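Colleague: Protein sequence lines correspond, in order, to chains A and B. Start counting the first sequence at 15; every next residue gets the next number (our numbering). Start counting the second sequence at 91; every next residue gets the next number (our numbering).
Derived from the structure by calculation, the hints contain no laboratory data. None of these values were measured; they are calculated from a predicted model. A few of these clues could be false.
To be verified - In silico SDA-like pairs for lysine to any residue, Cα to Cα no more than 25 Å straight-line:
hint : chain 1 : residue 1 : chain 2 : residue 2
1    : B       : Lys-292   : B       : Gly-273
2    : B       : Lys-518   : A       : Leu-63
3    : B       : Lys-519   : A       : Thr-49
4    : B       : Lys-325   : B       : Ser-498
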Amino acid sequence: MDRRVAEAGLALLIAGFGLAVVLSALRHDVGWNPTGPGAGYVPLRVGSLLIAGGVVIALRNALGPLQGRFVTFGAGRRILGMFIPTAAFGLLMPWLGTYVPMALYLFWMTWREGRLRWPVALAVALLVPPAFYLLFEAWLMVPLAKGPLEEALGIW
Amino acid sequence: MGEANALLHGFEVALTFHHIALMFAGVLIGILVGVLPGLGAPNGVALLLPLTFTMSPVSAIILLSSMYWGALFGGSTTSILFNIPGEPSSVATTFDGHPMAKQGRAAEALATAFLAAGFGALVGVIVVTLIADDIAMFALRFSPAEYFAVYLLAFCAFIGMGGADPLKTAVSVLLGLGFAAIGIDTVSGEVRLTFGFDELVKGVSFLVAVIGLFGIGELLATAEEEMKADEVSAKLGLGAVLRALLSMPRHIVALLRSTAIGVWMGITPGGPTAASFMSYGVARRFSRRRKNFGRGEPEGVVSPETADHAAGVSALLPMLALGVPGSATAAVMMGGLMIWGLQPGPMLFQERPDFVWGLIASIYVANIVALVTVLSTVPIFAGIMRLPFAVLAPLILTICLTGAWMVSGSGFDVLLALGFGLIGWLFKKLDYPIAPLVLAMVLGDKAEDAFRQSMLLSQGSLAIFWNNWLVAGLMAFALVLLFFPLIQRGFALVATRPMKRSRA
Chain A
15 MDRRVAEAGL ALLIAGFGLA VVLSALRHDV GWNPTGPGAG YVPLRVGSLL IAGGVVIALR
75 NALGPLQGRF VTFGAGRRIL GMFIPTAAFG LLMPWLGTYV PMALYLFWMT WREGRLRWPV
135 ALAVALLVPP AFYLLFEAWL MVPLAKGPLE EALGIW
Chain B
91 MGEANALLHG FEVALTFHHI ALMFAGVLIG ILVGVLPGLG APNGVALLLP LTFTMSPVSA
151 IILLSSMYWG ALFGGSTTSI LFNIPGEPSS VATTFDGHPM AKQGRAAEAL ATAFLAAGFG
211 ALVGVIVVTL IADDIAMFAL RFSPAEYFAV YLLAFCAFIG MGGADPLKTA VSVLLGLGFA
271 AIGIDTVSGE VRLTFGFDEL VKGVSFLVAV IGLFGIGELL ATAEEEMKAD EVSAKLGLGA
331 VLRALLSMPR HIVALLRSTA IGVWMGITPG GPTAASFMSY GVARRFSRRR KNFGRGEPEG
391 VVSPETADHA AGVSALLPML ALGVPGSATA AVMMGGLMIW GLQPGPMLFQ ERPDFVWGLI
451 ASIYVANIVA LVTVLSTVPI FAGIMRLPFA VLAPLILTIC LTGAWMVSGS GFDVLLALGF
511 GLIGWLFKKL DYPIAPLVLA MVLGDKAEDA FRQSMLLSQG SLAIFWNNWL VAGLMAFALV
571 LLFFPLIQRG FALVATRPMK RSRA
């Protein structure tokens, strides 16, 4: 994929966000009223400018020359190899709590991506979550997400 | 001598055992954050912020600002030793710092960088001390119209002077304003722009955005580049420090010029990153030793480092006195101030002098603490970078995700942080600047309120933005900055035309 396709794509995405802002601003008062500009006044203008900016950047790239490859295959694989497990960790956090997905995530990442030997990866995965618990919950008293395991263990 | 008394009182606040301990803690966390890829000053502050909610505001700001100084020092360490900038603002330090290190002058490069940075920070805080009160007094006369003009000036300064593509910078500012508008409208109380998500009623936290944009985005970008640490050993003896100290007077022109650039870019929001690039660029053009630039010239280390720290420190001045942060990190800190229940701006100097002057005094002390700490601990922190990135990255990502959860204990925030991470990676890839987005997110509601209050005062007439010399001057200056790239191009055209004619 050429870089300008990515440029144009992101620009259109930005314009799309601008459109969403405009559409939802239109549900509010976008003009003047006795208490000054309404709730939709500023968002309508911000959204319109975003559409304009996004379209101009998209056109500039669509009409411009080729710019070379956007991501190489290997780089794309490395990015997805990092992002997909991280996203899974984030998605599971509200359901399973912080610690179980954290251990699974760290094991997977250090073993598969980091190429540590599995006992070392396992040690990382088992030692880091308790360290987080001691640092944040026990010492700094900031609650992290809890799931069924924490409930069963009585850590609430 | 109002400043001297106030500053002395500030030192009383800052020089307690508790606060000095916090400075050490802040500086150490800061250096760590500065050294680690993907963790930088803005998201370091964002991650630490939820932990300060139970502290007193003075203690909290001392911890956070000390972390900022530590991160600025830490960022240049990896630039020099590994050719990997730990912070965006130390990218320019790699140009000459790493070649120096490869020639076996790593210790000299490090000591030069730290001392130059310390000089920049010191002059920066002296400037802050001397003019903060006056600017705050001046700003007391501001009505909402002047405030709106100042916010506009901040946005325009980024667009015109930030160094990135002006259109992309403008889009970045507008996106920030759009995100800031999500949730409850502070004037009318209406819920707007939630796009059907109930979770968005409380708005999008700028902390979550910063963790995603700077933290996750940065790591994705690093993963893509398959980070290869081009390592040079880090031993820093007292001899090297002394030699670097003795050679400092040779760089006095560069030091002063870079400090001036840094202070200017810090106060008119351009931020440390733009300041360090600009300072390096100016030095390469005007220095007597410009031929050596890029091949390990100490002045090429002095210039960006001095400007970087001078800008970092002076970025706190407009944050305190006007409520307009001069850098992304200052923006996050200002968000923190508001969470702690303080209103940044001129009234802060009247209502909470202990806070303002305690912070300013702590900048002096904390930078000395940071300088000593970084000089003595560099080898230890450099050792962390020997861990493979594929092991380091998941640990940092774990901190980012739990940090996003800690902001308000919501799973939705974690997903938002991941989304912002993708945006941050795309922005980095396609050269959109991130700092303006963060600044606009923090200032968005305030700018909108100022605009709407002005309109209420003038009953809907835009003339209120031109009806006295102060507001008109600010607006005019903002417009000049906004169109600066066009003006510059215009001048270039005018300048080249006579030459073409003479050729013809």
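Colleague: All hints, please: hold or fail.
Modeller: Quick rundown of the hints versus the structure:
About 5 Å separates the Cα atoms of Lys-292(B) and Gly-273(B), which keeps this hinted pair within 25 Å; it holds. Taking the CA atoms of Lys-518(B) and Leu-63(A), the gap is near 22 Å; set against the 25 Å cutoff, the hint holds. Between the alpha carbons of Lys-519(B) and Thr-49(A) the distance comes to roughly 43 Å, so the proposed pair goes past 25 Å and is violated. This hinted pair does not check out: Lys-325(B) and Ser-498(B) have alpha carbons roughly 43 Å apart, beyond 25 Å.
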